[in-house]
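Given the coordinates of chain A, assemble chain B onto it according to the supplied hints.
So the sequences go chain by chain: A and B. For reference, each letter of the first sequence is one residue, going 1 to 358 in the working numbering. For reference, each letter of the second sequence is one residue, going 1 to 367 in the working numbering.
Quick caveat, the hints were computed from the structure, so don't treat them as lab data. There could be a bad hint or two in this list.
[As the list claims (entries may be wrong)] Among the chain A residues that face chain B by a calculated CB cut under 7 angstroms, a handful are: (1) Leu55; (2) Pro199; (3) Glu210; (4) Gln217; (5) Leu257; (6) Lys259; (7) Leu264.
Values in this document were obtained by computation on a predicted structure and should not be read as measured data. Backbone N, C-alpha and C fix where the C-beta goes; we use that ideal spot for every residue, glycine too.
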Amino acid sequence: MTNMIQPGAIDCDIHPNVPSVAALLPYMEDHWREQVIVRGIDELASIAYPNNSPLTCRADWRPADGSLPASNLAQVRAQALDPFGTSVAIANCLYGVQLLFSEDMAAAYARAVNKWMAAEWLDREPRLRASIIVAPQNPELAVEEIERCAGDKRFVQVLLLVSGDLPLGKRQMWPIYAAAQRHGLAVGIHAGSNYHNPPTAVGWPSYYTEDYVSQAQAFQSQLTSLIAEGVFNKFPDLKMVFLESGFTWLPAHLWRLTKFWRGLRMEIPWVDRAPADIVRTNVRFSLQPVDGPPDRDSLLRIFDHLQSDELILFSTDYPHWQFDGSAAIPDGLPADLVRKMTHDNPRATYARLLETVA
Amino acid sequence: MNVQVRETPLVQATSKIAIADGDIHPARFKASEFDPWLDQKWRDRIALFGTRQRQPWQTGPAYPKGQPNASRRDAVPPEGGKQGSSLAFMQQQHLDPNNVALGILNPLGSGQGIQDVDLSVALCHATNEWQIAKWTGQDKRLKASVVVAYEDPIASAAEIRRYADNPDFVQVLLLSRTSEPLGSRKYWPIYEAAAEVGMPVGIHAFGYGGNPMTPAGFPSYYIEEMVGHSQAQQSLLASLVVEGVFARFPTLKMVMIEGGSAWAPALMWRLDAAWKRLKAETPHLTRLPSDYIRDHIWWTTQPMEEPEPRSHLADAIGWTGWDKFIFATDYPHWDYDDPATSLPLKISEAQRHDYFIGNAKRVYRGV
Numbered sequence: 001m002t003n004m005i006q007p008g009a010i011d012c013d014i015h016p017n018v019p020s021v022a023a024l025l026p027y028m029e030d031h032w033r034e035q036v037i038v039r040g041i042d043e044l045a046s047i048a049y050p051n052n053s054p055l056t057c058r059a060d061w062r063p064a065d066g067s068l069p070a071s072n073l074a075q076v077r078a079q080a081l082d083p084f085g086t087s088v089a090i091a092n093c094l095y096g097v098q099l100l101f102s103e104d105m106a107a108a109y110a111r112a113v114n115k116w117m118a119a120e121w122l123d124r125e126p127r128l129r130a131s132i133i134v135a136p137q138n139p140e141l142a143v144e145e146i147e148r149c150a151g152d153k154r155f156v157q158v159l160l161l162v163s164g165d166l167p168l169g170k171r172q173m174w175p176i177y178a179a180a181q182r183h184g185l186a187v188g189i190h191a192g193s194n195y196h197n198p199p200t201a202v203g204w205p206s207y208y209t210e211d212y213v214s215q216a217q218a219f220q221s222q223l224t225s226l227i228a229e230g231v232f233n234k235f236p237d238l239k240m241v242f243l244e245s246g247f248t249w250l251p252a253h254l255w256r257l258t259k260f261w262r263g264l265r266m267e268i269p270w271v272d273r274a275p276a277d278i279v280r281t282n283v284r285f286s287l288q289p290v291d292g293p294p295d296r297d298s299l300l301r302i303f304d305h306l307q308s309d310e311l312i313l314f315s316t317d318y319p320h321w322q323f324d325g326s327a328a329i330p331d332g333l334p335a336d337l338v339r340k341m342t343h344d345n346p347r348a349t350y351a352r353l354l355e356t357v358a
Numbered sequence: 001m002n003v004q005v006r007e008t009p010l011v012q013a014t015s016k017i018a019i020a021d022g023d024i025h026p027a028r029f030k031a032s033e034f035d036p037w038l039d040q041k042w043r044d045r046i047a048l049f050g051t052r053q054r055q056p057w058q059t060g061p062a063y064p065k066g067q068p069n070a071s072r073r074d075a076v077p078p079e080g081g082k083q084g085s086s087l088a089f090m091q092q093q094h095l096d097p098n099n100v101a102l103g104i105l106n107p108l109g110s111g112q113g114i115q116d117v118d119l120s121v122a123l124c125h126a127t128n129e130w131q132i133a134k135w136t137g138q139d140k141r142l143k144a145s146v147v148v149a150y151e152d153p154i155a156s157a158a159e160i161r162r163y164a165d166n167p168d169f170v171q172v173l174l175l176s177r178t179s180e181p182l183g184s185r186k187y188w189p190i191y192e193a194a195a196e197v198g199m200p201v202g203i204h205a206f207g208y209g210g211n212p213m214t215p216a217g218f219p220s221y222y223i224e225e226m227v228g229h230s231q232a233q234q235s236l237l238a239s240l241v242v243e244g245v246f247a248r249f250p251t252l253k254m255v256m257i258e259g260g261s262a263w264a265p266a267l268m269w270r271l272d273a274a275w276k277r278l279k280a281e282t283p284h285l286t287r288l289p290s291d292y293i294r295d296h297i298w299w300t301t302q303p304m305e306e307p308e309p310r311s312h313l314a315d316a317i318g319w320t321g322w323d324k325f326i327f328a329t330d331y332p333h334w335d336y337d338d339p340a341t342s343l344p345l346k347i348s349e350a351q352r353h354d355y356f357i358g359n360a361k362r363v364y365r366g367v
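In isolation and in its complexed conformation, chain A is listed as follows (with noise of 0.2 angstroms):
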């Protein structure tokens, strides 16, 4: 049997594509309209999806006039929204902005995207929310992007790439931390690299299939350097929530971190909790791809090792193929661990999801 998701589910992760390039236009200052025509610029469509691998869309979600998936409202309503009766969802737009080397022009598209994400879908359907895209090239110019975007209630989210030019836990990094947790606003690490580094610490792989299963490496790698840089104890009020991360990694992570860190807290004394206790406050990770072990009771195994049903957040990866037909959730979780990933958790996470947004 499928788990029956009650409803009013809030999905924590879609991704509404920018359909091309000249959907952003009428939204880009004249300077970088130009730019843009002027110099022929291609799509900013990252390797990290290639658009017709079989992971990058469902097939049955493959709209068939060769338009880029869930690139209009209507196949988002009839795909992602009314299927699962999901209250809210949020739109994780992953437009390759934090792949451009100008800052400039990547804070120009950033914009853009912001400006288009609210005129064109949370204009229209109510019950869609978004993340703010930012230039993470440049901190500075990061913020003030958020700055810009933090009055309007919709966008409950900043969101950052899993792999970028730096550490995540890096000082130089902290005004956009500093920025989101002073307006209420989750931090997002989603899936996928700049590709300024190479995708693993071994270097380039040939398949993409290699380069997808590292993302899960990429975020024990950042989580480590969250937790060890003092991220939270610096901004103890931020939450910040893995996307597409997959999560059945967290628990044997947290031991090898935990051991590590009772052996070599001396280098990094600030840190004065149990890595484990960190994440409880302050990390959260969303549901799909489940990564799961082929057996119910495995599975219930490692929600037992996470010691807390509240650190995952319920979502469908749309319109990326983690699972078939409405199978969202795994079979045979227990009914109350699925109401608090649908329902509770969400909004314990996203503070601004309680307020009113008319």
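Just chain B now, kept in the frame of chain A:
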């Protein structure tokens, strides 16, 4: 962990059974110990230009360690020298009291990963001859690893075949952080030779391949490097499987050394899930990624993960397979695991035997 001095061992029984130690680090008493096997030109090269690696320092590791030489403070031999540089003291402090019946030597800091590849080849060969002269020739409990200059796989394959018939060598040693992921076609001559001579390929954490230690650049702290070895190990294992090393070399065995192991189940689940979606890309794989891992990969145990409650550890070991673990101490390094305390689980005698020595005997040739 720092060693605590106790009046009596915590668990008498486990300290008495014969054990294997899959990760012992022998050191040189002084650098000139390699000289008998190094041509003068290499000694001159080292004297003039040092042993440059893909990291910033002339000497010492990229990240300062937590302890001198990353080793136990009580492991300095009475005659002086680095920890692990005295066979007599290793016997007295570790091999005898822990009843180590089979100790696998994994020399680090020898010559692997040095940018001057010819020098790397020469130093690796010297390391191998030194292992016979100083260690395996003196104590039959000890077995050597063929240390190879893996960035020159052709030379590495020749070095492996050189020791094909020498029973003192039971493993080929690579480091984890190479210039390319270890599944890359570049390294396949190493695997071909290892499969041919019947030695498992051990992959030990560390090495300087020149890639940032995370996909988002270099982290700040030694603790991040240490925790990060398990991420490097996961990525290289995914590479080995997906690029088709085990499909091409069906008899090849590999041992993951000091990179942790509790991550293995989640990696297998993720690999299987991704491969089911993406297998059009890798038609050379005819089985689930997890099947290749179950058939070809073993793990050394140190540093043993320590979940609370400890019963969670039994889940992780069970998902990977009790037949896949090779006990290891990492002697004389600071994060040494004591055989008396490292596996605080109620398990059967058969499981305990396999874990402490039985599995090792099935992996390493002729032991």
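Verification of the hints:
1. The interface hint given for Leu55(A) holds, since its Cβ lies 4 angstroms from the closest Cβ of chain B, which is under the 7 angstroms cut-off.
2. The closest approach between the C-beta of Pro199(A) and any C-beta of chain B is roughly 5 angstroms, which is under the 7 angstroms cut-off, so the hint is satisfied.
3. Nearest Cβ of chain B to the Cβ of Glu210(A): about 5 angstroms, under the 7 angstroms cut. The hint holds.
4. For the restraint placing Gln217(A) at the interface with chain B, the shortest Cβ-Cβ distance is roughly 4 angstroms, inside the 7 angstroms limit, so the hint holds.
5. The beta carbon of Leu257(A) comes within 5 angstroms of a beta carbon in chain B, closer than 7 angstroms, and the hint placing it at the interface holds.
6. At about 5 angstroms, the closest approach between the beta carbon of Lys259(A) and any beta carbon in chain B falls short of 7 angstroms, and the interface hint on this residue holds.
7. Interface restraint check: Leu264(A) against chain B, minimum CB-CB distance 4 angstroms, threshold 7 angstroms, status holds.
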